[in-house]
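With the hints as constraints, model all of the structure from the sequences given.
Here the protein sequences come in this chain order: A and B.
For reference, each letter of the first sequence is one residue, going 1 to 515 in our numbering.
For reference, each letter of the second sequence is one residue, going 1 to 502 in our numbering.
In case anyone wonders, no lab produced these hints; they're calculated from the structure.
Careful: at least some of the hints might be erroneous.
Chain A residues, not near chain B, derived (Cβ > 12 Å throughout) [said to hold, decoys possible]:
{"#": "1", "residue": "Leu19"}
{"#": "2", "residue": "Thr100"}
{"#": "3", "residue": "Lys106"}
{"#": "4", "residue": "Ile416"}
{"#": "5", "residue": "Arg449"}
Ranges between beta-carbon positions, derived for each pair [as the list claims (entries may be wrong)]:
{"#": "6", "chain 1": "B", "residue 1": "Thr422", "chain 2": "A", "residue 2": "Thr491", "range": "18 to 24 Å"}
{"#": "7", "chain 1": "B", "residue 1": "Ile477", "chain 2": "A", "residue 2": "Lys103", "range": "29 to 35 Å"}
{"#": "8", "chain 1": "B", "residue 1": "Ser292", "chain 2": "A", "residue 2": "Trp209", "range": "23 to 29 Å"}
{"#": "9", "chain 1": "B", "residue 1": "Ile477", "chain 2": "A", "residue 2": "Ala425", "range": "55 to 61 Å"}
{"#": "10", "chain 1": "A", "residue 1": "Ile283", "chain 2": "B", "residue 2": "Ile284", "range": "38 to 44 Å"}
{"#": "11", "chain 1": "A", "residue 1": "Thr102", "chain 2": "B", "residue 2": "Thr422", "range": "44 to 50 Å"}
Yeah, the Cβ is synthetic: ideal placement off N, Cα and C, and Gly gets one too.
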Amino acid sequence: MLDNILSILIFFPALAGVLGFMIHKDSMRAYGVAVATIEFGLALWLWYAFDNTVAGMQFIEQVALIPTFGINYIIGVDGISLFIIVLAAFFTLIGIASLTDTKNVKNMIITLLMLQMTMVGVFVALDAIIFYIFWELSLVPMLYIIGAWGGPLRIYASVKFFLYTFAGSLVMLVGMLFMAYFYYQATGVWSFAILDWYRLILPENFQLWLFAAFFVGFAIKVPMFPFHTWLPYAHGQAPTIGSVILAAILLKMGTYAFIRFSLPLFPDAATFFMFPIAILAIIMIVYTAMVAYAQEDVKQVVAYSSVSHMGVIILGTFALNVEGITGSIFLMIAHGVVSGALFLLVGVIYDRRHTKMMSEFGGLAHVMPRYATIFGLMMMASVGMPLTINFVGEFLSLLGFYQQSHILTLLAGIAIIVGAIYMLAAYKKMFFGELTNEKNRNLPDVSKRELVALIPLSIITIWLGIYPKPILDPINNSVESIVQLMHDKSTSEEAKKRIPNLAREAGLVTSQEAH
Amino acid sequence: MLEPVNISLESLNIVTLYPMLIPVIGALLILCIDIFKGGLDRTLYVAITLLVLFIDFQTLLSASNVFATEGTVVGVFDMMLIDGLAIISQFIIVGASMFFIPLALSKKQFHESSYPEFFAMFLFTIAGLQFMVATDSLILIFVGLETSSLAVYTMIAMHNRDKSFEAAVKYFTMGALAAGFYSFGAMVFYALTGSVEINQIATVLAANGYADMGYVLVGTVFMLAALGFKVGLVPFHTWAPDVYEGSSAAMAGFLSIVPKIAIFVVAMRLFEFLIHSGVIWLEIVLYIVVVSTMTMGNIWALVQSDVKRMLAYSSISHAGFVMAAILIGTTQSNSALFLYWILFAFTNLGAFSMLWISRQKELPHGQTSDHSYEKFSGMIQTSPITALVMGLFMLSLAGLPPFALFWGKLYIMSSAVTSGYTVLALVMALNSAIAGYYYLKLIVYMFMKDPVDGATGASFSSNASLALKAIIGFAVIGTIFAIIAINPLLEFISAFVYNSGY
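And the structure:
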């Protein structure tokens, strides 16, 4: 069974979703929780069976689909994707478990299960077309979640979300077709397999164009600075569960794809575009942090802060060294946990008051102490307090980029302080001071159902903040092999210099020890 | 005193005519049955039509075996040309027709299906289209084109609504103009080369190095206009939305698939050598037409308020996509054309059948057209399965993977990339994104809006019968599981296209 555990992980939720149509709607929530628990159990089993010492792909499965055109169903997992898969399974579970009263709960749960299929699929796909299939399919459930359960502007928000991403991915598809064609020219065989593409060394000017084509698709998904305009609408209108999944998992598809595609396929182009992208990332960090400070809606604050932190992930990715990339992957998980938790927390208060305006609140710490504590913890984690999960990731990302540019890293570091300002300000407005609004007088504190989601997230936040090693080690192994691959593949002087040669460094160490 | 002509029957190779003769005989049979005993039920005629098409399909299978072993076959004074293109396109024509004709068995009986002549016309149409694709001669193409067109005009008018008459007359007028263009274009080529056979024309033109460039251009433009009218290329598309709106949904679906593939094959035969002649103008003319068809079709589709009109414009845009394959003109792109059209046939069959099952005899109060977007509001709440199926077809039309049409788009875009048409590939990609909007619009109405007050789901499947549901089931399976069929299809098509020299 372990041989095809990845396929089971992908298609089990889909099958369960189809069967879900026959479940009576009163039993639907229990069914959803049961399915998601099994899926999460399978994901944990995958983690357990995963060999931490292996850097390459594990549990590879291969089925021929369209061999004439080089499209095959190839999936596998390595240290980079493993934890995002576990996170996806985890968030679907707590998402369904803590689902508040929604209309058409049956449709919602079936949609979430379908969404889970696409999320797992994206992160295990090792064939560009299979990746593209899941990447595009993930838009449909999200479109429906935002469009059917969202706020007043939900249709505009969902259509904007869909079309923006769809347009970007089509440009990426053209890039993929080019890539396959170049592979065909070089070898005489059509192939869309990523591991085959890794072996292909392209001239730099080709790399630049292809990098740009892939960049459009990925940057819109992340979303990076000038392409981020769909996200505040999507978050603003989406129901809580939609925002949680969107922020925790779906946005990670973009940053993950940068590491899976852009860096190893086009190392020279990645070096060439390193500084422009880093500057975009810093603009993204600073600008969205400032916008977040100006918001009156607490959900928008969380949304913009989420974009801001995605900037740090991009910065770490484009450090092009082991520290930076490891840090950015770790930060993806951290960001998933923390921003997911923050959106859940905003959902808690929205369910009680049906408003997200900070001016309506104030002094909530008096009536909802447990809520205030958890919110405070997550806010601290979001700001990047040491001993919380975000700190590890941010620190490593910035450390990585420090080796490339001191000034830009300093700027990014300052921007994180801005992050502290708006988060603390928002916290103060909501929780401290006198209880002024009478409507808040009798608010109940967090319920058991909400704690089911929030307690595990709090534990993870602190546990991985203090002891990140179990996750960092496998990530590090896989990242080292990717960085080495990038160094070996790069052709330009600049890239050779910027991307460290790990084999040589390791060689130096051993030769020194020999002396 | 004329010499008696002595021809042995073997040299005629009558077997090349069998696939076309079978529907003609079937049509005559239907008319004979009606003479002997009138007033028979439509089920009888549907069954006979299906059986005739089935036999036709069998002869095509044997023809494809002959092609696979012996290569291209000519017959009847070299008028008939049975090559790979002819066989694949006839498979599509006959196969798709087999799926469309059971749509006449709707729950409510509409006017056209009470006439046996309707089914005879249907078979004549198919025979005409089969003649068109299985010949190299401009004259026989013309005969086939007019046979099928005249039958189609009548079939549209038989729907017996004011709008159907309007549609039929409009289509007839435009079709007559196109016929004029066609004969003029053919005349120019005949005057230039002294032949009406496309391969002869190509040889002669290549031999004199396209000396009379101006006339070739005139001939090409007239031919493009004539064929463009028939497939609805911009700017010759104006009839399409009105005709689709006026015809029954089943008929509109048929129009969007079956006649067009025949025209594409003719266009492929004719334009292939013109584009590869090295004369840049011929390519530019086609390039402009292709890009404007894709883009303008999409942009007009954005502003439609009726689903059927939207699908009409979307069909125009899809036709532009497929013409791009002819423009690219490599073996890969020509195979992509057929692949695309087979997948498109499944999806569009489904989409139009879904409109057909929601057809009401009388328009409800306050509704101005049969299939306005508002009609579909909140469908997920009143009839969820129908909404899901319709949504599936919309997503497939939008080119969302892994549904059927995505693979066609992928392969056409790949062929553009492979032959250096990078800009064209990007135009296709962006057009798919634009197209996403109007397909999404229907999904928004179905899934995200609330139902109109007092609406029940009953009207969405009021015209559904077992036959229609079965057809839709086929289309759903074909759309979802297309991924399995791509590899064998691609191998088959590529081999046939390659062996025909395209």
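Tested hints:
At the 12 Å boundary, the C-beta of A:Leu19 stays outside the reach of chain B, the nearest C-beta of that chain being 15 Å off. At the 12 Å boundary, the C-beta of A:Thr100 stays outside the reach of chain B, the nearest C-beta of that chain being 20 Å off. Its beta-carbon lying about 10 Å from the closest one in chain B, A:Lys106 breaks the requirement of being farther than 12 Å from that chain. With a closest Cβ-Cβ approach of about 36 Å to chain B, A:Ile416 is found to remain outside the 12 Å limit, as its non-interface label requires.
Distance check on A:Arg449: its Cβ is at least 27 Å (rounded) from any Cβ of chain B, clearing the 12 Å threshold; non-interface status holds. Checked against the hint of 18 to 24 Å, the pair B:Thr422 and A:Thr491 passes, with Cβ atoms roughly 23 Å apart. Distance hint check: the CB atoms of B:Ile477 and A:Lys103 are about 32 Å apart, consistent with the given range 29 to 35 Å. Take B:Ser292 and A:Trp209: their Cβ atoms lie about 26 Å apart, and the range 23 to 29 Å holds.
Distance hint for B:Ile477 and A:Ala425: a CB-CB separation of about 57 Å, consistent with the stated range 55 to 61 Å. For A:Ile283 and B:Ile284, the Cβ-Cβ distance of about 42 Å falls inside the hinted range of 38 to 44 Å, so the restraint holds. Checked against the hint of 44 to 50 Å, the pair A:Thr102 and B:Thr422 passes, with Cβ atoms roughly 46 Å apart.
Checked against the numbered hints given earlier, this structure breaks only hint 3.
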